[in-house]
Structures are given as C-alpha cells and as structure tokens.
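Asks: Sequence:
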Amino acid sequence: MPDAYENINMAMRSILTTDIGDNEDPYFQFNDLTSMSSTSVLSPFSSSGSQGNMSMTSPMSTSSSPMHITDDYINLTNAVTILGEPYISVLVQPMEKFRFRYKSEMVGTHGSLLGVYNGRKRNKNNVPTVKLHNYLDKAIIRCTLVTTDEDLRIPHAHRLVRRVDSADIGDPHYMEVSSQNDFTAEFVGMGIIHTARRHVKDEIVRKLREEALEERKRSNIDATLNLRDDAQIKADAEQYQKTINLNSVSLCFQGFIKDEHNIMRPITAPVYSNSVNNLKSALTGELKICRIDKYTSSCEGGEEVFILVEKVSKKNIKIKFFELDDDDTEIWMDYGRFSELDVHHQYAMVFRTPAYRDRNITSPKEVFIQLERPSDSYCSEPIKFTYKPTDRMIGRKRTRISHSNSAELVQALAFNNDILMNTSLTSTPLSNDSTEISKEIKKMLDDRCSSSEFRDFVEHINLDSKFLLYETLLNQGGEDKLTYDGAPSKKASINFNICYLQNTLSKFLSLYQCCMLDDKLFAKDVIIDTIKDMKMKPREAKDIIKISFKDRTTYGDTPLHCALRYGQKNNVKRILMLMSTLNTDAEELVNIRNSSGKTPLHYAASQDQPEIIQALLMLGADPNITDHYGQMPLHRAVKFLEAEGSINILLAEKDVNIEANTDYGWSPLQLAAQAGSYHAVYSLIKAGADVNNTDMTYGRTALHIAVEGGHKDIVEFLLKNTKIDVNKKNFSGNTALHTAIVTPGTKAKEICALLVKYGADPHIRNYNRELNNVDGEQIQDIKVEVHSEDENMEECNGQSSFDLASNKPDILQLVSGQNDMLINNTIKEENINDTQKVWMDIDQEKQLASILDETKGWKKLAHYFDYKYLMNIFKQTSSSSLLLLNYIAIQTNTSLSELTNILQNIGEEDAATYMSQILSMKHET
DNA sequence: AATCTTTTCCC
DNA sequence: CGGGAAAAGAT
Numbered sequence: 001m002p003d004a005y006e007n008i009n010m011a012m013r014s015i016l017t018t019d020i021g022d023n024e025d026p027y028f029q030f031n032d033l034t035s036m037s038s039t040s041v042l043s044p045f046s047s048s049g050s051q052g053n054m055s056m057t058s059p060m061s062t063s064s065s066p067m068h069i070t071d072d073y074i075n076l077t078n079a080v081t082i083l084g085e086p087y088i089s090v091l092v093q094p095m096e097k098f099r100f101r102y103k104s105e106m107v108g109t110h111g112s113l114l115g116v117y118n119g120r121k122r123n124k125n126n127v128p129t130v131k132l133h134n135y136l137d138k139a140i141i142r143c144t145l146v147t148t149d150e151d152l153r154i155p156h157a158h159r160l161v162r163r164v165d166s167a168d169i170g171d172p173h174y175m176e177v178s179s180q181n182d183f184t185a186e187f188v189g190m191g192i193i194h195t196a197r198r199h200v201k202d203e204i205v206r207k208l209r210e211e212a213l214e215e216r217k218r219s220n221i222d223a224t225l226n227l228r229d230d231a232q233i234k235a236d237a238e239q240y241q242k243t244i245n246l247n248s249v250s251l252c253f254q255g256f257i258k259d260e261h262n263i264m265r266p267i268t269a270p271v272y273s274n275s276v277n278n279l280k281s282a283l284t285g286e287l288k289i290c291r292i293d294k295y296t297s298s299c300e301g302g303e304e305v306f307i308l309v310e311k312v313s314k315k316n317i318k319i320k321f322f323e324l325d326d327d328d329t330e331i332w333m334d335y336g337r338f339s340e341l342d343v344h345h346q347y348a349m350v351f352r353t354p355a356y357r358d359r360n361i362t363s364p365k366e367v368f369i370q371l372e373r374p375s376d377s378y379c380s381e382p383i384k385f386t387y388k389p390t391d392r393m394i395g396r397k398r399t400r401i402s403h404s405n406s407a408e409l410v411q412a413l414a415f416n417n418d419i420l421m422n423t424s425l426t427s428t429p430l431s432n433d434s435t436e437i438s439k440e441i442k443k444m445l446d447d448r449c450s451s452s453e454f455r456d457f458v459e460h461i462n463l464d465s466k467f468l469l470y471e472t473l474l475n476q477g478g479e480d481k482l483t484y485d486g487a488p489s490k491k492a493s494i495n496f497n498i499c500y501l502q503n504t505l506s507k508f509l510s511l512y513q514c515c516m517l518d519d520k521l522f523a524k525d526v527i528i529d530t531i532k533d534m535k536m537k538p539r540e541a542k543d544i545i546k547i548s549f550k551d552r553t554t555y556g557d558t559p560l561h562c563a564l565r566y567g568q569k570n571n572v573k574r575i576l577m578l579m580s581t582l583n584t585d586a587e588e589l590v591n592i593r594n595s596s597g598k599t600p601l602h603y604a605a606s607q608d609q610p611e612i613i614q615a616l617l618m619l620g621a622d623p624n625i626t627d628h629y630g631q632m633p634l635h636r637a638v639k640f641l642e643a644e645g646s647i648n649i650l651l652a653e654k655d656v657n658i659e660a661n662t663d664y665g666w667s668p669l670q671l672a673a674q675a676g677s678y679h680a681v682y683s684l685i686k687a688g689a690d691v692n693n694t695d696m697t698y699g700r701t702a703l704h705i706a707v708e709g710g711h712k713d714i715v716e717f718l719l720k721n722t723k724i725d726v727n728k729k730n731f732s733g734n735t736a737l738h739t740a741i742v743t744p745g746t747k748a749k750e751i752c753a754l755l756v757k758y759g760a761d762p763h764i765r766n767y768n769r770e771l772n773n774v775d776g777e778q779i780q781d782i783k784v785e786v787h788s789e790d791e792n793m794e795e796c797n798g799q800s801s802f803d804l805a806s807n808k809p810d811i812l813q814l815v816s817g818q819n820d821m822l823i824n825n826t827i828k829e830e831n832i833n834d835t836q837k838v839w840m841d842i843d844q845e846k847q848l849a850s851i852l853d854e855t856k857g858w859k860k861l862a863h864y865f866d867y868k869y870l871m872n873i874f875k876q877t878s879s880s881s882l883l884l885l886n887y888i889a890i891q892t893n894t895s896l897s898e899l900t901n902i903l904q905n906i907g908e909e910d911a912a913t914y915m916s917q918i919l920s921m922k923h924e925t
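For what it's worth, full-length UniProt numbering labels the leading residue of the first sequence as 1, then goes sequentially.
Treat the hints with care, as some may be off.
[Said to hold, decoys possible] Here are the simulated SDA-like cross-link-like pairs (lysine to any residue), alpha carbons at most 25 Å apart as the crow flies:
| no. | residue 1 | residue 2 |
| --- | --- | --- |
| 1 | Lys384 | Leu324 |
| 2 | Lys258 | Val164 |
| 3 | Lys573 | Glu588 |
| 4 | Lys520 | Tyr566 |
| 5 | Lys569 | Ser606 |
| 6 | Lys388 | Asp358 |
| 7 | Lys875 | Ala912 |
| 8 | Lys388 | Gly699 |
| 9 | Lys712 | Leu641 |
| 10 | Lys288 | Tyr664 |
| 11 | Lys288 | Asn766 |
| 12 | Lys388 | Ile625 |
| 13 | Lys234 | Glu150 |
| 14 | Lys550 | Tyr566 |
| 15 | Lys747 | Lys757 |
| 16 | Lys138 | Lys258 |
| 17 | Lys723 | Gly665 |
| 18 | Lys723 | Asn692 |
| 19 | Lys320 | Leu283 |
| 20 | Lys97 | Ile289 |
| 21 | Lys860 | Asp910 |
| 22 | Lys97 | Gly111 |
| 23 | Lys288 | Gly733 |
| 24 | Lys532 | Glu588 |
| 25 | Lys546 | Leu576 |
| 26 | Lys749 | His763 |
| 27 | Lys280 | Ile154 |
| 28 | Lys875 | Glu845 |
| 29 | Lys217 | Asp202 |
| 30 | Lys747 | Asp713 |
| 31 | Lys537 | Leu576 |
| 32 | Lys723 | His763 |
| 33 | Lys388 | Ile331 |
| 34 | Lys856 | Ser897 |
[As the list claims (entries may be wrong)] Simulated DEER-style distance windows between Cβ atoms:
| no. | residue 1 | residue 2 | range |
| --- | --- | --- | --- |
| 35 | Glu644 | Cys379 | 42 to 50 Å |
| 36 | Lys546 | Lys720 | 50 to 58 Å |
| 37 | Val350 | Thr581 | 47 to 55 Å |
| 38 | Lys365 | Asn583 | 29 to 37 Å |
| 39 | Leu341 | Arg228 | 46 to 54 Å |
Everything labelled a hint here was simulated from the structure, so no lab data went into it.
Values in this document were obtained by computation on a predicted structure and should not be read as measured data.
Idealized CB from N, CA, C, for every residue including glycine.
From just these sequences and the hints, can you work out the full model?
Replies: Below, the structure written as structure tokens:
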C-alpha cells in the first residue's frame, strides 16, 4: 500500500519540471524558509475529513492524504517542494538494554528509558528524541510500542508508560512539535511495563482494536467496529501471542496533525527506533565474562577453564575463540567445548578449550574469547586468551621407579602407613629418615595436599603403582567396612567416610614418600655410575655425561633436578662441573623440563641460590622457559624478601622477559609486590619493568597489590620513584585508595595518607553500586561534579573513597585532606594554595567551624547538603563543623559566596556575617 | 520430582 | 532507584 508521503512526493514531481532531489541540509533550508515565510503558509488541511471517497482500509491512501490539491496547495507546494516531504528522524535512540518491569513492580519510581549517549552533542536530557523535518506548522508526534520484527510491526503487548506528575500514562503518547521546540520531541520519563504472559492476548486485542477504530474514524467520525472486525482482531491476536518476543520492543514514531474533529491524520511515515531489549531476561540480557580462572591453554586445546558469567541460558550460549590479524580481521575461530551440564545455574560455565589452528606453534599466540548468544548473535566484550606451544617433548615414559616390585611397594606402604596411623607422630621412636618422612607427611597434610609437587606426583604416578595403590586401598576399605558394624547411623557413616578419606590420602602420601626416597638417591646414583663409566671409557666421557644426565625419574626429573629439589648441594656442584666439560652441549641438558615443566633453573630460583643460578646461566640455561603454570624462574625468585642475589643475576641476563605473565596473569613485578619484597620491586623497576602493567585476573597494578598486602615501603617506593598511575582502576573500578581504605591492618592509615599525598583522588567511583552505608540507610547520591570528560555516565554511581571510608572517621578525615599530622607539610601547602582561590584558608575555616560548632548550625548545614547519612561521623569528630566544611569544599562546587547565602538562608547569621568578612578580604587581595 | 522461567517482592 | 532473590508457575 502506498504511503501518503510517497503520494505527496509523486504529486510534487508531476507538477514540477525539475526535481531538486533530497536536501543535503534540510535544517538550514528550513530555517531559511521559516524566517521569510512561515506565517504566510496556510494550513493545507482545512477541508480534510469531508472527503467522501476515502478508502476504508487505508487511512494513508492518496485521497485521505492531507496534502490533496486545493487552491492553497500551490503555496505549500513551493515550500514542500523545496523542503521535500515531511519525515521524522530519530535524533537520540533509546538505550539498547532496559529493564522491563511488571505491573506489580511499578510502585514507586524506577529508572526511565534513557537515550544512548550519542557522541556529538551532550544533551542535558539524554532521552529518546525525534525530530520532524520539512514541516512548517505545528504537528503532533505519536510514540507507541511495537514489535521489533521488521516484517511484522504490530502493536506490542507491553505498555509504554510515561510518568507525568506522579501518574503513569499508557501509550500512545503525543507530543506537540513546532518551530518553538525546533520540531523536536523528547520523550522523557518513559518506562516499559512487561505484560504478564497470560495477559498478552488481551493486551494485543485491546491495542489492535484501538488502532482499527482510529483508522475507521478517519473516514467516518461515528465509525465503530463490527463483530466481524472483532473476530478478525481476536484471531490475529491469537496468532501474534504465540510468536511475539516479550523481551524486545521498538518505539514507533509518526507525525500527525489534528483536524477540526480531533481526528489524527498522519503526515509522515512511521519511523522505528532501534530495539530495546529486556535487561532482566537471559534471552536478551547483557553477556559478560566476569571472571576466568586462567587465560592460557596449550595449543592442543582440551584444557578445562572455569568462567563466571552474567546470566546466560544453557541452551543458548556459546564460547567463541577467535584470532585477529593486524588489521583486526578475524583469521581463525572455534568454540569452547561444553555440555548443558557444564553451565552452572546460569552464572558459571566450565568448558574445554578448542585446539588452536596450528598445533606446532613455538611462541604464544594471543587470541580472544567471548560469549556468543546464537538466538540474537549478540556477543560479550572479548577478553584476551593465550595459546601456548605444547610441551609434548617432555618424555614421561622413562620412569625410573626401582620398586616396581609389588612386594616392595606394599611393604613400603605398610611401613609408612604405620607411621601415619600412629597417633603421636613425633613420640614414636623412628630412624632419621622416618622422622623426616613423617614430618613431610605432616606438612603435606597441613598443606591439604596443595603442593604442586604432590599433585604432579598423583597425576603422573605410573600405572603399575596406581593399580597397586588402588588395590591396597580397596582392601583397606573393605577391612574398614568389616570393622564397622551395627545399624548405620548418619554420624557413623560420615565418620567412616572421613576415616576412609584420610586413609586414601595417607596411602597416596606414603607412595609419594617412597618415590621421594628413591628420587633422593637418584642424583647420587647417576653421578656414581657416570664417573664409573667415564673411568672405564675415558674417551667417551662427553657422551657418557650427555646420556646419563638425560635420565629421568617419575617426575621427569633429571639428576640435576633431583639434586636441586632435595638440596643436595654437593651433588649439584658435581653435576654442574661434569656438565661444564661439555661446553655448549651443556645447554641442552641444563634446559630439560620435568613433568611440571620446570627446568633446574626454576628450582635454583625457587630456593634462592644465586651461585647455582649463575652457574646454570653460564652453562646456557634459558631464563625465559615457563613451567606448566606459566612461571619463569624470575616469577619464583621475586618472592624472597631479603635475597638480592638471585634476582639481580636473573635480571642481568640479557633477553630475560621481565613482563611475562604467569598463567594466572601476574608479572614478576606484581608477584614481587604481593610478596612484599622491596628489593625485588626495586630491582625489577630498575631493570625497566612497566609499573602500570596490570594483572590479568583483577586488573590491578603493583600499587593495588602492594596496598592490599599492606607493604608500605613498596607503596612509598612506587609513588615516590616511579610514574605509576596512582588513580588507575582495577576491573572493579577500584583505585589503590579504595583498596587501602578497605584493607585492614595497622599500616592502612599511613598507606592512605601516602596515596593521598601523591595525588590519589578520593572522588573516583568504582563500579560497585551498593550504596548502603553501615546503618543500612540509603545513601543519597552525592552530587559530585565529575570533572573527567571521558567517564561514562553510568560510572557516576559507584562508590567513591569517601563512601568506603564513611564508617572510619580517621581515614575519612585523611582523605578529606584534614589531618595535618600525617600529611607532609610541603604537600599540604600546595594543596591549600590550590584551593585557596575558591575556598577559605585553614584558619578562616577553623574560625567559621567554631562559630558553627557553637550554634550547632552545622547540623542545618549538613541537612542542607543532604549529608544526613554522615551525621554520625560528623558527631564523632572533635569539630563536626570543620569536617563538614571540608566535605563541602571537596565534594561540592559550592563557592564562598554561595556558602554565605546558604548560611544566611538557614538562619546562621553569625556565620554568614563572618563569611562576608572573608569575602570582602578576598576581594581586596 | 527436578529444574527452568516468569512474576512478585523486597531492600 | 537498581539490584537481587524468593515464590509461583511451567515443563
């Protein structure tokens, strides 16, 4: 069916010989025209509605068009011709995601539908806005809610309400436009009411009826709907309710004018906004990866990764891996592997990584992962992910477990088991070795088996031993069962389980110990054998060395690994000496990785053995090899508090990668900051480490981390001697100051003071929207002028450092810049000079505060500034007024003269008078 | 009966 | 307000 505006256009073109085409700048021309002739243009609609031959089905047909040809027409034609046909454009689109609320939720006020921030003009009201173009008289713009489906735009079952004077008005909404408002309609305060599924049909029927009736009335004012129409509408509604998408709506805008019978007549085609999706629904809600447990995988894929996500539905979610080339073109993609069962309660997922496109990479490859929702192909923000080269080269076949003899192992198990089961571990008379073992076991139990060595062991334990172990365990379990008799009570069975678990654990531990015993002798054995062999065949000495030091234990350890692991310094020395005879051939031996990916250098670094590190490096050890946790020797070395040697030796090595992240996403600097190793931090920074690098899991800089650990010396060093960004936000939007305020500890206050001293901005807000204070009262949003231009609008409602400090009066004073004790005098003076221009100096402030303390006027003042929730804090301090004044000075833009007025208004005459004095003094200077 | 979705409720 | 979660309803 032809639209009215099309017909208008056709009529125009038939009249005119030349077609001026679309206007490049209709706005400009429009202004031109209005200024010269808007008053002389007559309304062309004076006689519409009296037409007898209107189409019954289309209100928009040619004949019902308001632009029919009359004598007035020529006048308008000229204008319209120059302008083009009237149309509506969407100046500000509605936001893409919005929470639809049920009727039952519409008590009180909730947020209204805002516009999307559109880059150019920063509207004061950022709300959906449309503009009517090419029309000179006043007109009406109607806004209704329709379906998103472009092929089927029907009225939507949901309601579009608009709050006008505390009453919600349903759609349609009419807004008058004219030259007065630049033909622009802003739809302020709209909300979307989610029609309950069971009412969808009724609602659609209602809206279709309304629409049909309006259409009828355009041709006949007294028209009503007959039964047949009604039946049709009901049938249609029935159909629509099945397919309608309740989580997505569009706004429909159309221009109208009202004729003398109050009938709306369209003057433009309808225009549809972008879709608005229900924020609450898992079908259309936001997709986000909130947290990931690791961001690396072997290029072979198949590694398990845990992620926490915002609400997803398990049937409608994928995890996409993709790689971009330098031009940001996607060059590879695949999906993470998981089943529906791996999606935990819509908020967490466990998946396996797909293999990288090339399984033979030799350097790490950066790719991205993101969530993808197949139903609307919406994607989350991508996060970085790294594929690492495989370590297939590590041989595990050569296990050198001497007691593969069952009897021997069982005996060993029994032996160790006895030790463990004995209640008093230490009191049992034991040989030296046994004492050591029991200590080990005790330690292991204390660590709850968290040691990576133990995990490696369990993982790589050879099959024979495993079988044997299980067998033993089964037998053991059976015996336990037999000894347990009587009716099973819950308690008893729990006890049994615990007992059983303990047994299992101890078995594994015993086995671990046995292997360790064996491994302890490994280095020595090999050295002895090697030397023996060398004596026998002195000519083949080099080959003998090469071969024998490639031998491996269960863990893939070479003799050198073993000697290092067990602290056998002499063995280490012997091996290194033997290796050094090989010259460059030693490089291969010295870089062998064991089954957890560690080289001898890892162990030397972990144990802080500078001489050995030096020796290994001289033999060609590569300091950049990472173990299976992505750790380089450097990552381990930075943890030592006092030792300077190891780090400096490692850092002196050229090509050492000082920014490398572990699999948990930590750089050496961040680890050093966490460990509290001042020296390591110092050395790394001296070696050029980037202080503003952030860790991958929380987005923290070394500063955040040092603050968290309460390492004041490091914090101070970072602030004083580096260009660290004191106000950098981590993933949750917290700055180091936020962290400092919430971190307990004796040095917390001093650290806060340091941060403030070096420019930490307490106004910065994090992304946490919980605005409840300690008393559970709602904190009103403090009206803080955000100065930074690049901040998003949403970021305004997180917590500032003030909010976090609101129940810690001393820290609050500190961040408010009030405490003189802790802040260095020079800095303080600078601050004062800065604020002095707009604020009073400290003495004047104190004077004013004493006046307000006297009269208790500060309470009124606090009330005026809506600081009710801070009352308790103000009360606790020696001068409530002074703190309040500081608060006002820092958090608001109140000028001195404004303050004077405020004081006047709340009846604080004395204070106001004093203020006037200050003001006049300021004017003089 | 268990689990997911929709609706209501509450802080 | 905006966010979260319980209750009710569906599958």
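Asks: So, for every hint listed, does it hold in this structure?
Replies: Taking the hints in turn, this is what the structure says about them:
1. Among the hinted pairs, Lys384 with Leu324 is consistent with the structure: their alpha-carbon atoms are about 11 Å apart, no more than 25 Å.
2. Proposed proximity of Lys258 and Val164 is supported: the alpha carbons are some 22 Å apart, at most 25 Å.
3. At roughly 18 Å between alpha-carbon atoms, Lys573 and Glu588 fall within 25 Å of each other, so this suggested pair holds.
4. Proximity of Lys520 to Tyr566 is assessed by CA-CA distance (about 7 Å); at most 25 Å being required, the pair is judged to hold.
5. Of the pairs offered as hints, the one joining Lys569 and Ser606 holds, with about 14 Å between alpha carbons and a cut-off of 25 Å not exceeded.
6. This hinted pair checks out: Lys388 and Asp358 have alpha carbons roughly 11 Å apart, not beyond 25 Å.
7. For the given pair, Lys875 sits about 22 Å from Ala912 by alpha-carbon distance, which is consistent with the 25 Å threshold.
8. Straight-line distance between C-alpha atoms of Lys388 and Gly699 comes to about 22 Å, which keeps the hinted pair within the 25 Å bound.
9. Proposed proximity of Lys712 and Leu641 is supported: the alpha carbons are some 14 Å apart, at most 25 Å.
10. Between Lys288 and Tyr664 the CA atoms are separated by roughly 20 Å; this keeps the pair inside 25 Å, and the hint holds.
11. With a C-alpha separation of about 18 Å, the suggested pair Lys288 and Asn766 falls inside the 25 Å cut-off, and the hint holds.
12. About 12 Å separates the Cα atoms of Lys388 and Ile625, which keeps this hinted pair within 25 Å; it holds.
13. Only pairs whose Cα atoms come within 25 Å are accepted, and Lys234 paired with Glu150 is accepted, the gap being roughly 22 Å.
14. This hinted pair checks out: Lys550 and Tyr566 have alpha carbons roughly 18 Å apart, not beyond 25 Å.
15. Among the hinted pairs, Lys747 with Lys757 is consistent with the structure: their alpha-carbon atoms are about 15 Å apart, no more than 25 Å.
16. Between Lys138 and Lys258 the CA atoms are separated by roughly 10 Å; this keeps the pair inside 25 Å, and the hint holds.
17. For the suggested pair Lys723 and Gly665, the alpha carbons sit about 22 Å apart, so the restraint of at most 25 Å is met.
18. Proximity of Lys723 to Asn692 is assessed by CA-CA distance (about 8 Å); at most 25 Å being required, the pair is judged to hold.
19. Annotation: proposed proximity of Lys320 to Leu283 holds, straight-line Cα distance about 18 Å (limit 25 Å).
20. About 17 Å separates the Cα atoms of Lys97 and Ile289, which keeps this hinted pair within 25 Å; it holds.
21. Taken as a hint, the Lys860 and Asp910 pair is honoured in the structure, with Cα atoms around 14 Å apart against an allowance of 25 Å.
22. A hinted pair counts as satisfied when its Cα atoms are at most 25 Å apart, and Lys97 with Gly111 qualifies at roughly 12 Å.
23. About 16 Å separates the Cα atoms of Lys288 and Gly733, which keeps this hinted pair within 25 Å; it holds.
24. Using a Cα cut-off of 25 Å, the hinted pair Lys532 and Glu588 holds, with the two alpha carbons roughly 23 Å apart.
25. Distance hint between Lys546 and Leu576 is fulfilled; the C-alpha atoms sit about 12 Å from each other, no more than 25 Å.
26. The suggested pairing of Lys749 with His763 holds, with an alpha-carbon distance near 18 Å, which does not exceed 25 Å.
27. Using a Cα cut-off of 25 Å, the hinted pair Lys280 and Ile154 holds, with the two alpha carbons roughly 23 Å apart.
28. Note on Lys875 and Glu845: the hinted pairing holds, with a Cα-Cα distance of about 18 Å set against a maximum of 25 Å.
29. In summary, the hint linking Lys217 to Asp202 is supported, as the alpha carbons are separated by about 22 Å, within the 25 Å threshold.
30. Restraint check: the Cα-Cα separation between Lys747 and Asp713 comes to about 10 Å, which is no more than 25 Å; the hinted pair holds.
31. With a C-alpha separation of about 20 Å, the suggested pairing of Lys537 with Leu576 holds against the 25 Å cut-off.
32. About 21 Å separates the Cα atoms of Lys723 and His763, which keeps this hinted pair within 25 Å; it holds.
33. The hinted pair formed by Lys388 and Ile331 meets the criterion: a straight-line CA distance of about 18 Å does not exceed 25 Å.
34. About 21 Å separates the Cα atoms of Lys856 and Ser897, which keeps this hinted pair within 25 Å; it holds.
35. Evaluation of the 42 to 50 Å hint for Glu644 and Cys379 yields a pass: the beta carbon distance comes to about 48 Å.
36. Checking the proposed 50 to 58 Å range against Lys546 and Lys720 shows it holds: the Cβ atoms sit about 51 Å from each other.
37. Take Val350 and Thr581: their Cβ atoms lie about 51 Å apart, and the range 47 to 55 Å holds.
38. Taking the beta carbon of each, Lys365 and Asn583 are about 35 Å apart, inside 29 to 37 Å as hinted.
39. Checking the proposed 46 to 54 Å range against Leu341 and Arg228 shows it holds: the Cβ atoms sit about 53 Å from each other.
Consistency note: the structure conflicts with none of the earlier hints.
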